[in-house]
Structure formats: C-alpha cells, structure tokens
Amino acid sequence: MVSPGLDLELSFSQALQGFGFSPEVARLLWLPLPMLLVLVAAVVGVLVSVWLERKISAAVQQRIGPEYAGALGVLQPLADGLKLLVKEDIIPARADSLLFTLGPVLVVVPVIISWLIIPFGQNLLISNVGVGIFLWISFSSIQPIGLLMSGYASNNKYSLLGGLRAAAQSISYEIPLALAVLAIVMMSNSLSTVDIVGQQTGAGILSWNIWRQPVGFLIFWICALAECERLPFDLPEAEEELVAGYQTEYAGMKFALFYLAGYINLVLSAVLVSVLYLGGWGFPIPVEWLAGWLNQPIDAPVVQVITGTVGIVMTVLKAYLLVFVAILLRWTTPRVRIDQLLDLGWKFLLPLSLVNLLVTAALKLAFPVAFGG
Amino acid sequence: MFALPGYDAFLGFLLIAAAVPVLALVTNKLVAPKSRAGERQLTYESGMEPIGGAWIQFNIRYYMFALVFVIFDVETVFLYPWAVAFNRLGLLAFIEALIFIAILLVALAYAWRKGALEWS
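Sequence lines, in order, name chains A and B. Residues 1 to 373 in my numbering are what the first sequence lists, from first letter to last. Residues 1001 to 1120 in my numbering are what the second sequence lists, from first letter to last.
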C-alpha cells in the first residue's frame, strides 16, 4: 500500500558493511548523524522564526525591522545570539545559584529531545520508538519544573509569580492537549508518529486528520500556543505586570537558553500540528497517483529521492505556515487575564476535549472504515 | 542491550541534547567578561533596593488546580492504552470508558461547584 520510501540507514549500513564493518559498528556510526542533522535543523529553524517574527512584527506595526545584518537582516538573529554568548553571566547574590543554573537547562533539554520523534518521511526520523507521541507529552511536562525552579531560585518577587503562573498555565493546558492527541491516537491505532502520518496518506489532502478532527485541531492549536507562552497566553512573562516573569533575573547565555527553548518549542509545536492534523510529509496529491500519471514506477531510485525531498519540503512548509499564523496572532491579539486563561482551560477546553474523544470513539464504532478501522 | 528497539537512539540524543546547554554555558563562562563591581547582583525590584526576600509563605492560588490536574492527568494516562487498542476491543470497551469518563466528569462538576476552579 504505502511504499517503503527512502531508508538512508539501510543504504548507509550496507555501504559500510561493503567496506568490511560489522552491522553493530555500522549502526553505532550511523546513530549520531541524524541527531546532529536534526539539531542543526532545529537551530536554523529557530533563527528563521526569530527573523520572521521580527520582520512580521515590523510589517504589522508599519516599521521596516532589521535590515543591516545581511540581506533583509537575515543575520540579525545570529548576531543576537553571538551577543548573548559574550554577555556577562549575572547570578544575583541572594539567589540559589545551583537551581538558578539548572532551571534554563531543564527547560531547554526536553524541548530538544522531543525532536526524536518528528518524522520527515517514512524512515526519515531519528528513532521510530513505539510510544512516539506519548513520549513527547511526557517530555513537555518536564518543562514547568524548570520554569518553577528558575522562578523560585531567583529570589525575586516578579520571578516567583511568573514561575508559578507558568507552571499553572502549563498544567492547565496539558490535559486538553493530551486528550486531543488521544483522539488522533484512537484513529491511528498507534502512538508512533510514523503510523499517525501513514494513516493520513492514501487520498492526499482529503485524508488529512483535520477534516475528521476539526475540533481536536483547534483544541490542540490553542493548547500548543498556551504551552509555548505565545501572546494571547503569554501571562508568565506579561511585561506590564511582571517585568519579564521568571526570566527577570536572567542575563547572557541563560537568558538565551530560555529564548532558544521558546522558539524551538514553537517550531516543534507547529511541526507536531502538521504531523497530527495536516498529513505530515504528505503532498496534497498522493505521490503514488502522480507517479502513476507520469508512468514512473514508485520504487525507482529517482522517484524515491524526489518523494523524500518533497516530504521534507512539505513538512517544513506546513510547519512554517503555522509559525506564520502564530506570529500574526502574537502581534494582533491582546492578552487574556489569568482567570480567563484558567477558565478557558478548565471550564471550556477540558470538557470539550473529553466530548471530542467520546464522539471520536462513537464515530469509530459507527464508521470503522472512515476512522481508521 | 536495549529491551525495546529504538531506545539506543534515545539515549544518544539525550546526551547530545544535554550537551547543548552545557556547551553553551561553558563557552559563555570562558568568553564573557567578569566583574563583581557595582550593584548588579541585587535582585530587581523596580529600581529600589528589594524589601525582603521572595522566599516567604504565601497563598498559592494554583494549589487546587494542581490537585485537579493530578486527577485528570492520571485519567489521561489510563485512557491511552484504551485508545490504542480500541479497534480490537469494540462496543464494550466504549461503554466502559464512557462510565469511567462520566465518573470523572462528575468529579469535575463537583470541583467546579465547590469553587476549586475559581481564581478569586
């Protein structure tokens, strides 16, 4: 049904075994390659989104935005990062210096590891672990601990309040998020991200989950924005009330780690929305049909390479469309109040996501073919 | 070595991910200037000298939310295996989950009624 697609690991392993290496050594040599590639891709993704954010915010406010560092200011985020790297690291005298350092580390590490399960093609991901999307949900719940830790360790009233708000916000939106994912899992009969995308191929754009889970899509998107602390929901760092929330005392590289984590999380959430609801690496018209019309066998090496490339481009394109929407939302919507935020999470999204789950289950019983068998 | 396939990559990526902040902080330590002069080590409090610390006892209003969160988080974890195996379980599993969720919805309604979900 679905073609196996490119398997770079297999080709790499076979090439090395041709040189006389054992399969275990070949596997060990292969392992770091996709990880480093994904890490570089994630960091470049952050630089691109920071640049987009600056340019789009400038356009929204009828300014020009960065324009001197490189053509159209594309090197501006890199310059900012370098500047933060050589800034003095200030730990307040009254802070708990161990927790103060551990906080940003705990925030950034889970966000990076979450890229483990992001698929760019049938075999183009670091590791297709069985629990896939569930692993991401558990990683995303480590982050509030880091936020709480840095808020508390700063020994600053603004930081403490910001850290508490961040933790409360994260836990309030985690449950609707997990329940929205649960409805997708039910339709895919699997937790693996590859299977979730595989279930959405077949009829191109018509088989994407967004048509079968419109409510789930909205719940997931709202919760993802709240988890990223993006503006309708950026209460933890509401600058008019809390200076910069839990980041108030941070300077230099530790501040940069928060910044990095925030943007990696944004790109990650956008990729996950495209994986869960927008067909992941799938092209709007199935490549099998296109190959059929062009009389090309789907297993031909050229077709495989083109399919793999199209898959990566489609994943990135869908993700950046969502990043664009998130940036526009940030610069055009006002912030909600803390009680409105908690009400939205607990009294609206939570019951709604439970109902969505049960409706999905009922529909799956009634129409097993349309909802994944 | 690994009982489940794919987790050697997880361990490797965990090490790489942990190396990112460590490398960044070490580089920062090596290249950044250090000065202990001035009042930069004071915590920020609107430009004045801070009055008292932040490590005090005060009413955390999110406490009730945290309690309700624990209940629903455990519920979600229980529902995951049900969702994955749903296509093999059929109608009976649906009714069972319906009862399970109904009990929790009653709990949510109770918490709501009791004011645990109110901000003030």
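None of these hints come from the bench; they were simulated from the model. All residues carry an ideal CB built from backbone N, CA and C; glycine is no exception. Please note that a few of the clues may not be correct.
[Unchecked claim] Short, incomplete list of chain A residues facing chain B, as computed with Cβ under 10 Å:
| hint | residue |
| --- | --- |
| 1 | L72 |
| 2 | V74 |
| 3 | L78 |
| 4 | I91 |
| 5 | I113 |
| 6 | V131 |
| 7 | Y152 |
| 8 | I171 |
| 9 | S188 |
| 10 | A256 |
[To be verified] Calculated lysine to any residue pairs in the SDA-like style (CA-CA distance at most 20 Å, straight line):
| hint | chain 1 | residue 1 | chain 2 | residue 2 |
| --- | --- | --- | --- | --- |
| 11 | A | K347 | A | R335 |
| 12 | A | K347 | A | A366 |
| 13 | B | K1034 | A | V43 |
| 14 | A | K87 | B | V1068 |
| 15 | B | K1114 | B | V1068 |
| 16 | A | K83 | B | K1029 |
| 17 | B | K1029 | A | I91 |
| 18 | B | K1029 | A | L8 |
| 19 | A | K87 | A | V359 |
| 20 | A | K347 | B | M1064 |
| 21 | A | K347 | B | R1061 |
| 22 | A | K83 | A | G65 |
Hints, verified against the model:
Interface restraint check for L72/A: the shortest CB-CB distance to chain B comes to about 27 Å, outside 10 Å, so the restraint is violated. Because the closest C-beta pair between V74/A and chain B is about 22 Å apart, greater than 10 Å, the hint is violated. At its closest, the beta carbon of L78/A sits 14 Å from a beta carbon of chain B; the interface hint therefore is violated under the 10 Å criterion. The beta carbon of I91/A is positioned within 10 Å of a beta carbon in chain B (closest approach about 7 Å), and the interface hint is therefore held.
Interface restraint check: I113/A against chain B, minimum CB-CB distance 5 Å, threshold 10 Å, status holds. At a threshold of 10 Å, the smallest CB-CB gap from V131/A to chain B is about 9 Å, leaving the interface hint in force. Taken as an interface hint, Y152/A checks out: its beta carbon lies about 8 Å from the nearest beta carbon of chain B, inside 10 Å. Nearest Cβ of chain B to the Cβ of I171/A: about 4 Å, under the 10 Å cut. The hint holds.
Interface hint status for S188/A: upheld, as the beta-carbon distance to the closest one in chain B is roughly 9 Å, under 10 Å. Taking 10 Å as the C-beta cut-off, the interface hint given for A256/A holds, the closest approach to chain B being about 7 Å. Between the alpha carbons of K347/A and R335/A the distance comes to roughly 19 Å, so the proposed pair stays at or under 20 Å and holds. With a C-alpha separation of about 29 Å, the suggested pairing of K347/A with A366/A is violated against the 20 Å cut-off.
A C-alpha spacing of about 28 Å is found between K1034/B and V43/A, which places the hinted pair above 20 Å, so the restraint is violated. For the suggested pair K87/A and V1068/B, the alpha carbons sit about 42 Å apart, so the restraint of at most 20 Å is broken. Distance hint between K1114/B and V1068/B is fulfilled; the C-alpha atoms sit about 12 Å from each other, no more than 20 Å. A hinted pair counts as satisfied when its Cα atoms are at most 20 Å apart, and K83/A with K1029/B qualifies at roughly 14 Å.
Distance check on the hinted pair: K1029/B and I91/A sit about 12 Å apart at the alpha-carbon level, within 20 Å; holds. For a cut-off of 20 Å, the pair hint linking K1029/B to L8/A is broken: about 39 Å separates their Cα positions. This hinted pair does not check out: K87/A and V359/A have alpha carbons roughly 53 Å apart, beyond 20 Å. Only pairs whose Cα atoms come within 20 Å are accepted, and K347/A paired with M1064/B is accepted, the gap being roughly 14 Å.
At roughly 17 Å between alpha-carbon atoms, K347/A and R1061/B fall within 20 Å of each other, so this suggested pair holds. For the proposed pair K83/A and G65/A, the alpha carbon gap of about 18 Å is at most 20 Å, so the pair holds.
Hints 1, 2, 3, 12, 13, 14, 18, 19, counting from the list given before, are not met by this structure.
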